[in-house]
Structures are given as structure tokens and as C-alpha cells.
Amino acid sequence: VGSKAGAGDVAAAEDIASKHIDSSSQHSDVLTVTAKSSRVAVKVKEEADHIVVRTDGLNGITEDFDAYRMNASGRHGVALVISNTKFSKDSGLENLEEKDKELLVKAFKHLSYETVLLENLNECEIKNAVQLVMGPGNDVTRVGKLAKFSACVHQEDDSFILAISSHGTSGDVLCGVDQTGGGLREDDVIQEMKCPLLNGKPKILFIQACRGTESSDPVKFDKAPLQDFLVQHSSYEGKQSFTNSESLLSKRSGVYVRTLADTLAKMYESTDLLGMLTVVSKIVQEKKKFRYEDKKVKQCPEAEDNLRYKVFFTYRH
6 VGSKAGAGDV AAAEDIASKH IDSSSQHSDV LTVTAKSSRV AVKVKEEADH
56 IVVRTDGLNG ITEDFDAYRM NASGRHGVAL VISNTKFSKD SGLENLEEKD
106 KELLVKAFKH LSYETVLLEN LNECEIKNAV QLVMGPGNDV TRVGKLAKFS
156 ACVHQEDDSF ILAISSHGTS GDVLCGVDQT GGGLREDDVI QEMKCPLLNG
206 KPKILFIQAC RGTESSDPVK FDKAPLQDFL VQHSSYEGKQ SFTNSESLLS
256 KRSGVYVRTL ADTLAKMYES TDLLGMLTVV SKIVQEKKKF RYEDKKVKQC
306 PEAEDNLRYK VFFTYRH
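Just so we're aligned: the sequence shown equals residues 6 to 322 in this note's numbering.
It should be emphasised that the hints constitute simulated quantities derived from the structure, not laboratory data. Here the structure is a predicted model, which means the values were calculated and not measured. C-beta: ideal position from N, C-alpha, C; glycine also. Check each hint, because a few of them may be wrong.
What the hints assert, rightly or not - Quick list of the computed label-pair ranges, beta carbon to beta carbon:
#	residue 1	residue 2	range
1	53	76	15 to 23 Å
2	52	91	41 to 49 Å
3	47	146	27 to 35 Å
4	305	61	29 to 37 Å
5	100	301	21 to 29 Å
Use the sequences and the hints to build the structure in full.
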């Protein structure tokens, strides 16, 4: 998953997964997470720009982690969900099912984020929506689908989440519903997330989209680091994303989105974000093989982790 997940982190997450995740289920609408963890995170120390969180580790071993300072109660911040499901005929793209947006909205609301859903945006509207949520000072006109959009980042927010579900292509290009301009580069979205109010705070991006047309073994790639960012894709560069109905993303909820939503709901009280994404990656990789174009293929999420500390969405004082 991320570059900071050492052998101990991976082993711990895999052990949690074996206790709390039913990865053997083959039913598309069955929750993949079957039980809540009994571990609870507790804040034990205040540092200048972070806190120290203690968890009751596996096998009775207590562990301390440097963590971002998150609001223990009330809202964490804004979670913006952009769901593109209906594409113009001229785009040549198939329409997508709408289950992903429901799963994401429910998951982020459960984590105490002010969750905003925007649907069927073109590439310009996607970029403008991110600019608007970053607060005043951005020269963006609130017209069309953004006319009533009022959510924005506040000084007291501890983090920001952006989730995009759409079609995508290689080179980390996201597709708008009309695909008139050739798509929106992920790097352009990330640049818009660099808000002064979020300096030193985690900025989290989840992307459910294909990243190419290949369905063979994934190949790693490198990118320039971004401090305090974590990005997880539903698949590796150049690879497709699949659904629980063993097809491309045009049929039902994505395997990645369902697994992400279920894991966040069941493990957020005991496990940090990177640990949960390790579990997500494990579950998706261990799903039964998908049949696509008369061959069996697998899917593997990829995360780029440039966070300085752990992210615990909740902890006791």
C-alpha cells in the first residue's frame, strides 16, 4: 500500500483482517467486514504539531503512534464526493451504476465529516468544485450544478476528503461526463487541494476509476512526493477496475468502493487510516478472480502515502 507501511504495520493489519474481514464471501451485496474491532485508540500526549495515540496492540502489546491532531468530537471537515454515472453519447463512455456514491456518502458521514455529493460533472466543474470547497478567494462562478454549492473548508477543520468515482484513462486522467477536453489530470486536482487552511493537515483522495485498459499484472510507477497527502486508487496505473458482478465498472458497485466503505465503518475506532487501507488492499487482492474477455484477472488497489503522522479518525482522551 503506502511507502510508510513497514513489515510490522502490514502484519498487524493482516492479523486484524483475518479477525474482522470475511474475504471468503462471494456474494456481491454481503458486507465484507463482519465485526467491529475491540481495540480503542487513546490520546496520551500532546506535542507541538501532533499528538501521541496509544492502542491496545495485538497479542496484548500496547503501541504508541505519532498521529495528526483530529477533532475528538464534532465534524472533522468536509468530505466531497463526486460521482459521475451518466455520460453523454458523444463521449463514447458507458453509463455507470449509482451504488458507489451511496456507499461513500454513508461511510464519510459515519466518520463525522460534512459530506457533500455532486453528480455528473464535466472536467471543468470537477476542478471548480474542488476550488470552491477550498474556501473564499477562488475566482470561480457558482453556476449550473455548482449554483447551490456552499460547503467549504474551515480553519478548525482537521482534514479533508475527496472521493471521485468516474471513468478514467492511463496517465491518471479522470473523465468528465462530456469528455470534451480530453479529461482532467489527477495532479491538477491535487494542486487545487493545497489550501492554506489545510497546511499541515491530512488531505485524503480516493479514486474509483480505471487507469488504463490492461488487465494483467500491475506495474509500479513513481511520482513526486506531496507532504500531508494520501491518495488511494482502485487499481494500479494502466489497469482496469472491476465490480462485484465480475464486469467493468458499468454494472454494480465497485469492489474497491464497497470494501473501502465497509472497512472504514468497522475499523475506524481502533485502526489508523493507512492500516485500514492495507486491509482494503488485502481484501480486494484476495477476492476471487474476475472473468473479463474470457480470461481470469485480478485487481490491486494502490496508495501513495506522504503523510507525516498516523490518521486516527477517533480516539479517547
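Each hint, compared with the structure:
The beta-carbon spacing between residue 53 and residue 76, approximately 18 Å, falls within the hinted interval of 15 to 23 Å. At about 48 Å, the CB distance of residue 52 to residue 91 agrees with the hint of 41 to 49 Å. Our hint of 27 to 35 Å for residue 47 and residue 146 is violated, since their Cβ atoms are close to 47 Å apart. Remark: the range hint 29 to 37 Å for residue 305 to residue 61 is upheld by a beta-carbon distance near 31 Å.
Our hint of 21 to 29 Å for residue 100 and residue 301 holds, since their Cβ atoms are close to 26 Å apart.
Checked against the numbered hints listed earlier, the structure breaks hint 3 alone; every other hint is satisfied.
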